[in-house]
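Student: Residues per chain are reported as follows:
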Amino acid sequence: MAKTQKNNTFDNHTDKTNDLEKNTIRDQNTFMTSDQGIKINDDQNSLKAGERGPSLLEDFLLREKITHFDHERIPERVVHARGSAAHGFFQVYEPIEKYSKAGFLNDPSRRTPVFVRFSTVAGSRGSTDLARDVRGFAVKFYTEEGNFDLVGNNMPVFFIQDAIKFPDLIHAVKPEPHNEIPQAASAHDTFWDFISLMPESTHMIAWLMSDRAIPRSYRMMEGFGVHTFRFINAKAESCFVKFHWKPLLGVHSVAWDEAQKISGKDPDFHRRDLWQAIEDGNFPQWELGVQIVPEKDEHNYPFDLLDPTKIIPEELVPVQRIGKMTLNRNPDNFFAETEQVAFHVGNIVPGIDFTNDPLMQGRLFSYTDTQLIRLGGPNFHEIPINRPVAEVHNNQRDGHMRQTINKGRVSYHPNSLGGGCPFQAKLSEGGFASYGERIDAVKIRERSRSFFDHFSQATLFYNSQSEPEKAHMVDAFSFELGKVQTMEIRERMLLTISKIDKGLAAQVAYNLGLHVPKGKVVNEGVPADADPRKYAPVEVKPTLEKSAALSMANTVKGNITSRIVAILVADGVNETSVIALQKVLTKAGASFKTVAPRLGFIEGEGAGQVEVQDSFLTASSVMFDAVFVPSGINSVATLSATPEAIHFINEAYRHCKPIAIEGDAIQVLEKTYFGARLDVNDAYSDGLIIANSVKSLSTSFIEAIGQHRFWARETAHKVPA
Amino acid sequence: MSDQAATPALFHYKDSSVLFSRNVNGYETAMFCIHNSVWVLVTMPSGFRLAVRCAYSPSEPLEVLPVREQENGVTLKFKSSFGIFQVTLDFPASDCTMLHYKSVVELTRSIHIP
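Protein sequence lines correspond, in order, to chains A and B. With my numbering, the residue at position 119 of the first sequence is 119, and numbering never jumps. With my numbering, the residue at position 35 of the second sequence is 35, and numbering never jumps.
In short, the hints are calculated from the structure, not lab data. Please note that the accuracy of each hint is not assured.
As the list claims (entries may be wrong) - Partial pick of chain A residues on the chain B-facing surface, computed with a CB cut under 8 Å:
1. Leu197
2. Glu488
3. Arg490
4. Pro517
5. Glu524
Heads up, the beta-carbon is just placed ideally off N, CA and C, and yes, glycines get one too.
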């Protein structure tokens with residue numbers, strides 16, 4: 001579709017901003033008061049019987065303050081507890097009235113406010129951002145027709161096919177109940193025990209063991225609606241739709257070794273990255289993509305559209321990009337907004353509807369249910385971040401913490417005393433009507449036979465990966481299963497992995513010191529009276545050999561906006577080079593930090609000074625996308641003799657990052673593990689730029705940063721860093 | 001469990017307390033409990049080794065109950081959360097070297113081990 005987006009300026013004001021403003025408090029030039037508005041004179045001392053006497057129960061100020069403090073925490077989300085969010089807006093490129101009558105998808109001039117929350121799944125609120133995990137990608141659209149929540153993930157499929165298994169899955173992946181270990185990690189026995197007995201999880205496991213599970217940034221992740229939804233047009237005609245979010249910065253990951261180090265050095269890495277990018281004006285953007293399947297084609301695929309463990313390969317149904325989302329404002333208050341936001345798959349607007357995906361059907365119940373306890377009652381829709389910009393009028397009343405003051409005698413319908421208000425809306429007036437899908441069926445607890453191909457799309461995913469990505473999957477499986485203590489589980493998983501790819505299984509088995517068992521994978525998710533043969537996985541040969549969209553190697557590259565470069569400096573650095581590279585990076589949209597043996601200012605080899613933003617004590621290479629070592633005799637001599645500097649460069653090389661070396665800084669490179677072994681003519685020097693001046697290295701360096709990583713290095717030079 | 005997966009456990013044999021051992025005509029038979037598994041390991045004069053896992057409790061260690069040793073062999077009991085294993089080894093007098101082994105589990109609740 002042509003992109004004719006109007007009004008492309010990035011002011012951060014939306015209808016939702018205005019709405020939130022009503023509840024936004026600023027304390028500048030105000031007196032401190034109690035919750036009752038009484039000005040406080042002494043916030044330092046409690047009321048006592050004598051200056052050394054006991055505190056008095058009468059002290060209402062002490063009681064109010066302590067009581068409120070004691071009740072500050074609410075239950076964390078049972079899943080997706082760890083998250084970060086931002087405000088923004090969505091604009092459609094062109095009307096899609098052929099498919100959907102949703103207002104926000106049909107008016108290119110309309111900026112629909114959004115609030116987007118990214119998250120990990122398994123870890124607690126305070127856990128690391130860099131866990132190997134699925135990332136939540138939940139978007140609340142505050143449309144003029146009401147709230148639409150697209151509650152997705154950064155992976156397009158899920159572990160299970162039916163919501164009734166969700167508690168089991170989460171119990172298995174969460175820290176084990178006897179000792180609450182490990183935090184935010186799937187590498188333990190109970191998770192893999194469950195997975196090894198539930199072959200329907202195989203496709204999702206392939207994604208989880210891929211680099212998608214350790215993103216470089218929330219801003220560099222794809223998003224997926226996971227389920228098949230319906231679009232409904234004004235003629236009440238339906239088609240199936242899969243939702244995609246395509247990041248304009250491309251899809252990028254970190255290395256697993258790097259992820260583990262970031263978890264220690266800066267567990268808020270993704271949160272900080274999102275926050276800082278928005279503060280810097282580098283607003284993250286995604287295009288909304290849709291895969292449309294006409295109703296008549298529902299059964300024309302070798303998989304079931306209702307099965308959430310399946311994708312629709314983009315080669316079969318291309319993704320049409322229909323609009324763009326921009327995140328341009330950080331929340332004012334984490335608790336009020338990011339913590340209290342309540343997403344719900346069931347929040348839809350006219351023009352969008354559900355399908356019978358059994359995982360989705362269960363989610364339609366679960367979200368409201370969990371929010372009732374997490375947010376304390378049925379009025380959480382009134383919390384500022386949750387309330388729609390569309391007006392709310394109904395006969396729901398009362399309950400804990402009710403904010404709305406409903407006037408009048410009437411809270412029922414039909415009524416005459418209230419003039420029949422609020423009215424029901426006709427379809428022509430925008431009233432919602434569920435799609436009239438014909439259903440004629442027997443009430444039954446069953447799994448459709450069309451759901452039992454558990455392996456072919458896992459194989460498609462693996463076959464579509466680049467060689468480095470495949471190697472990372474071998475390492476990931478080996479790490480995770482290596483942490484599993486029960487041999488039987490390891491062996492069961494090897495059998496399952498062999499159904500993805502025999503070579504993959506053989507490499508993992510080698511790392512585990514085992515052989516790949518032979519035989520058929522057994523599905524233990526079988527009802528008590530069912531014939532296990534009916535539940536056995538059906539082995540189907542993939543119809544596609546590869547799908548390019550599944551590999552991050554094929555992602556958008558070249559945009560270095562918001563990438564961060566470490567400039568290693570010491571006294572005597574060529575400050576002209578530092579300034580020159582900083583200008584180049586700034587022009588390209590990247591940012592930089594100087595890193596030195598100490599903080600403060602260092603003396604340049606000329607008359608200038610260079611401000612140091614980080615020391616080797618406070619920074620680590622894992623926090624940067626690339627490294628530049630400028631020239632300068634004394635600086636080079638100092639860095640060459642500083643083990644932390646050498647480690648910094650070694651580690652950056654190990655994680656396949658671009659490194660630029662200017663002039664005599666080659667001496668620093670020669671001190672590194674890889675520098676002493678490197679043939680600058682071989683492929684493993686890709687991304688290593690050595691030149692005599694910033695002018696002659698800057699173009700290559702910018703291009704290298706735009707390539708993100710040079711994974712080929714991993715096969716040749718494992719750096720002990 | 002495959003023989004290969006069992007191997008790491010068997011290597012612990014040297015470090016584990018042997019619950020029972022007997023040498024009959026150069027055939028060394030030993031029984032030991034490693035965490036959640038009880039193993040009988042027979043080392044033949046040729047050095048060839050045969051291992052049998054005769055009790056297994058998937059999710060917790062087995063508790064070794066008092067050993068009853070008889071002239072012809074031994075009976076051991078192991079307690080797990082789902083029942084009691086009784087493992088009997090005996091070495092009947094014979095022209096050739098023989099080992100009889102029997103493992104019985106008395107369940108206190110239903111189990112399903114894949």
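Student: Now tell me, hint by hint, if it's right for this structure.
Tutor: We went through each hint and held it up to the structure:
1. With its C-beta approaching chain B no nearer than about 6 Å, leucine 197(A) sits inside the 8 Å limit, and its interface hint holds.
2. Look at glutamate 488(A): its Cβ gets to within about 5 Å of chain B, closer than 8 Å, so that hint holds up.
3. Contact between arginine 490(A) and chain B, as hinted, is supported at the beta carbon level, the nearest pair being about 7 Å apart and thus within 8 Å.
4. Against a cut-off of 8 Å between C-beta atoms, the interface hint on proline 517(A) holds, since the closest Cβ of chain B lies about 6 Å away.
5. Evaluation of the glutamate 524(A) hint against chain B yields a held restraint, the C-beta minimum of about 5 Å falling below 8 Å.
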